[in-house]
Every structure is written in structure tokens, then in C-alpha cells.
Amino acid sequence: DAEITQSPRHKITETGRQVTLACHQTWNHNNMFWYRQDLGHGLRLIHYSYGVQDTNKGEVSDGYSVSRSNTEDLPLTLESAASSQTSVYFCASSATGWEQYFGPGTRLTVT
Amino acid sequence: EDKVVQSPLSLVVHEGDTVTLNCSYEVTNFRSLLWYKQEKKAPTFLFMLTSSGIEKKSGRLSSILDKKELFSILNITATQTGDSAIYLCAVGLVAGSYQLTFGKGTKLSVIP
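First to last, the sequence lines map onto chains F and L. Heads up, the first sequence is in the working numbering, so the first residue is 1 and it goes up one at a time. Heads up, the second sequence is in the working numbering, so the first residue is 1 and it goes up one at a time.
I should point out that these hints are in silico values taken from the structure, not numbers from a laboratory. Mixed in with the good hints there might be a few duds.
To be verified - SDA-like cross-link-like pairs, simulated, lysine to any residue; straight-line CA separation at most 20 Å:
1) L:K41 <-> F:G42
2) L:K107 <-> F:Q37
3) L:K3 <-> F:G40
4) L:K40 <-> F:T109
5) L:K3 <-> F:D38
6) L:K41 <-> F:T109
7) L:K104 <-> F:W98
8) L:K107 <-> F:W98
What the hints assert, rightly or not - Chain L regions said to be covered by chain F (calculated; three or more residues, Cβ under 8 Å):
9) 27 to 35
10) 38 to 44
11) 101 to 110
The beta carbon of each residue, even a glycine, is placed where N, CA and C say it ideally should be.
Based on the provided sequences and hints, a complete structural model is requested.
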């Protein structure tokens, strides 16, 4: 069955370290999205991509980057992790419509 | 600034009750409104609404959109403990962009 996976599911890192969160989908969807979810803020868009080599900034992109080298993967990199980036991160994908399918999430703690 | 506001933020009901969750929006270039259910994991899609007055229904859940008054409601009848979750409302704004702006969610707790 087609699916969307994220790894790792849990990560603890130190302030200043570079961290990469993986997202892989097997639906062959062109559109992929990264969100963070925090208490009191709901889901906020970090970056998104409409296809290979395409990336765009979302509402809260500072301190994050993405790259899209193939259809299946959109890794999210925290260049220099900060405590404010402690959050739950969700990856999502969609075909040609508004309905997005979400991965299981990665809980990141920056100490 | 585009806003999606959900109310109430949390709600506790007894099994068998009927609940109504609200989502209002102040946005430009509205295209669609979506409802998601989030238990202790990923949000899962419930409904997408694009036209006013047309009810979407799935089992005990139903939803309707009012584009004149800029809101949507999600109804759950005969609630069960399995309905306990955070319900998220999201609005799609720009045609072809497929970006969603989410509200903060309503946490529903159904007690036996």
C-alpha cells in the first residue's frame, strides 16, 4: 500500500547541531509540505514543494531548509538547532487537490 | 492577515451527546475548507467543502459551509469515546497552490 513515512519518530539533539528529518511518500504525489505543531499554535507551514527542484518558504521558514531531488522525498534540515524548534514535525503530501495526507510525525527535542 | 478561528478550544461531552464544532475564517481568495481529525498521531482527512449549503456526511459526522457568513460547522451525533480527538479546520486560499492555513483545533473529549 502507498504511504508516507517519517524518520526518526523521536529525536533529541543539542543546541547548534544540524538535524535532518526525513519524509518519504510512495503515492507519487507532486506536492509535499512540512508543518510544525505546537500547543497554542496549531499546524504551521514551514516549507513546501510542488515538484522536483521546486521549494518554497512557508509561514515559519526561518532556520529551516528543504531540498527536493526526487518525487518521493522531501528532507527537512535544521541548520543550527535552537530550543525554539522543539516541536512535533509533520510531513504531508497531496496529488492535484487540496486534500493532504499526513505522515506519523517526528517529535524533536532540542536541549 | 488571514485567520482561521475554531471554537470552542476544548469540549467535554458524555457518550451519546451531539456536538457542534465551529470554524470561522477571515481570508482573501477562499477556495476550500477542510476538516481533519487528529488522535495521538497524524491528522486524518474528514471532509472538504467548497460550496455553500451542501452538506457532506460520513456516518455520524456531517459538515456544512456558509460562504456568506464565512464559517463551517462539524456535527457529530451520538458521540462515542472513539470520537475523542483534536478536530482541525483548514482553509485553502490560493487557486492551484494547495497550501492550507490551519486553525488551532478543538479538543473533544467524550466520557463514558
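Against the structure, the hints:
1. Restraint check for L:K41 and F:G42: the C-alpha separation of about 14 Å stays at or below 20 Å, so the hint holds.
2. At most 20 Å may separate the alpha-carbon atoms for a hinted pair to count; L:K107 and F:Q37 meet this at roughly 14 Å.
3. This hinted pair checks out: L:K3 and F:G40 have alpha carbons roughly 14 Å apart, not beyond 20 Å.
4. A hinted pair counts as satisfied when its Cα atoms are at most 20 Å apart, and L:K40 with F:T109 qualifies at roughly 18 Å.
5. A hinted pair counts as satisfied when its Cα atoms are at most 20 Å apart, and L:K3 with F:D38 qualifies at roughly 17 Å.
6. Under the criterion of a C-alpha separation no larger than 20 Å, the hint pairing L:K41 with F:T109 is consistent with the structure, at around 17 Å.
7. Among the hinted pairs, L:K104 with F:W98 is consistent with the structure: their alpha-carbon atoms are about 19 Å apart, no more than 20 Å.
8. Only pairs whose Cα atoms come within 20 Å are accepted, and L:K107 paired with F:W98 is rejected, the gap being roughly 23 Å.
9. Under a criterion of three residues with beta carbons nearer than 8 Å to beta carbons of chain F, the stated coverage of the region 27 to 35 of chain L is upheld, 3 such residues being counted.
10. Look at the region 38 to 44 of chain L against chain F: 4 of its residues bring a Cβ nearer than 8 Å to a Cβ of that chain, three or more, so the hint holds.
11. Counting residues of the region 101 to 110 of chain L whose C-beta sits closer than 8 Å to any C-beta of chain F gives 5, which meets the bar of three, so the coverage hint holds.
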